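Protein chains: 2
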Amino acid sequence: MRMNEGVEWALHSCVNMTWLDRDEAVTAKKLAAFYDLPAAYLNKQLQALVKVGILTSTSGPRGGFKLARRPDRITLLDIVTAIEGGEDAFRCEGILRKGPGGRDDVDYRAHCEVSLAMRQADLAWRRSLAGTTVADIAATVERKHPGAGEGTRARFAGI
Amino acid sequence: MRMNEGVEWALHSCVNMTWLDRDEAVTAKKLAAFYDLPAAYLNKQLQALVKVGILTSTSGPRGGFKLARRPDRITLLDIVTAIEGGEDAFRCEGILRKGPGGRDDVDYRAHCEVSLAMRQADLAWRRSLAGTTVADIAATVERKHPGAGEGTRARFAGI
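Protein sequences appear in the order of chains A and B. With our numbering, the residue at position 70 of the first sequence is 70, and numbering never jumps. With our numbering, the residue at position 15 of the second sequence is 15, and numbering never jumps.
Among the hints, a few may not be true.
For lysine-lysine, the following DSS-like pairs were computed, each having C-alpha atoms within a straight-line distance of at most 27 Å [to be verified]:
id, chain 1, residue 1, chain 2, residue 2
1, A, 66, B, 98
2, A, 30, A, 144
3, A, 98, B, 29
4, B, 44, B, 29
5, A, 30, A, 51
6, B, 98, A, 30
7, B, 98, A, 29
8, A, 66, A, 51
9, B, 30, A, 98
10, A, 144, B, 98
11, B, 29, B, 51
12, A, 44, A, 66
13, B, 144, B, 44
14, A, 98, B, 144
15, A, 98, B, 66
16, B, 44, B, 30
17, B, 44, B, 66
18, A, 144, A, 66
19, A, 30, A, 44
20, A, 44, B, 98
21, A, 98, B, 44
22, A, 29, A, 66
Partner residues are not named here, just some residues of chain A that face chain B (Cβ under 7 Å, in silico) [claimed, not checked]:
id, residue
23, 12
24, 105
25, 114
26, 120
Note that these hints are calculated values from the structure, not bench results. Please read all numbers here as calculations on a predicted model, not as lab measurements. Think of the CB as a built atom: it goes at the ideal place given N, C-alpha and C, for glycine as much as any other residue.
Just chain A, same shape as in the assembly (with noise of 0.2 Å):
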């Protein structure tokens, strides 16, 4: 049970965009060189940031891609689930149904405990990951690295 490589690409990519102007359009091309990461495929997790509203994204020579929103309203959260899909990790097939006493018309994802369970989980970690947004994380390494934000914007510019 491994997330998607991208999770993390997207994840510092969007961190990397809140040190650029609001108004700067960065493209795919830029944002993979700046960690040596194949274009194509980051483009394809940007396209599915774009989707949901994370990113816009813009065409023509000034084109690429900008924050849709304020760094301190997208979250881990948003940003894993715009890669991973919503589904919990855990599926619940319902085998209580096949067991003694089983009905066709439970829900067994609401009403078996051990799903229940697995269920409650699964929403600690999503409560954990919405606790952080991408604001959080750029002022938490500007904080420990003073300069990261004015090094990730000269770096951008000379890419």
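Given chain A, work out where chain B should sit, using these hints.
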């Protein structure tokens, strides 16, 4: 990012075993028949539980699987980890190493804010699963459905 369906089977099989006598071994065939599951594949999951000391396995005419320890000492996390492995869902590839100022001698799993936040969520998930034992599940089921344990024993006797 979905779990193996064997997780659901293993969890339910362990809960069912809490209702059997401590010295009563039950075969993979019987455990599988309980929910109409494929016995060979369930057996594979049960062997994984034996490997980490959740179940014991004995051979012979009265052989089969038993809980290796008290049900209140077997958490959902123990079972999930036995089937899915103990790795975090988020895979930190340390892409910061390729970024500006990136260093080969830094373990980014411990120093990258993205990685740390993702790990925090993973820990929240683990903590939730570690907070529930198969004994807790069995007790809740018995409370909501009095006679569930008795019914389970009768079903196993009849298979």
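| message | Flag every earlier hint the structure violates by its number, smallest first. | response | 13, 24
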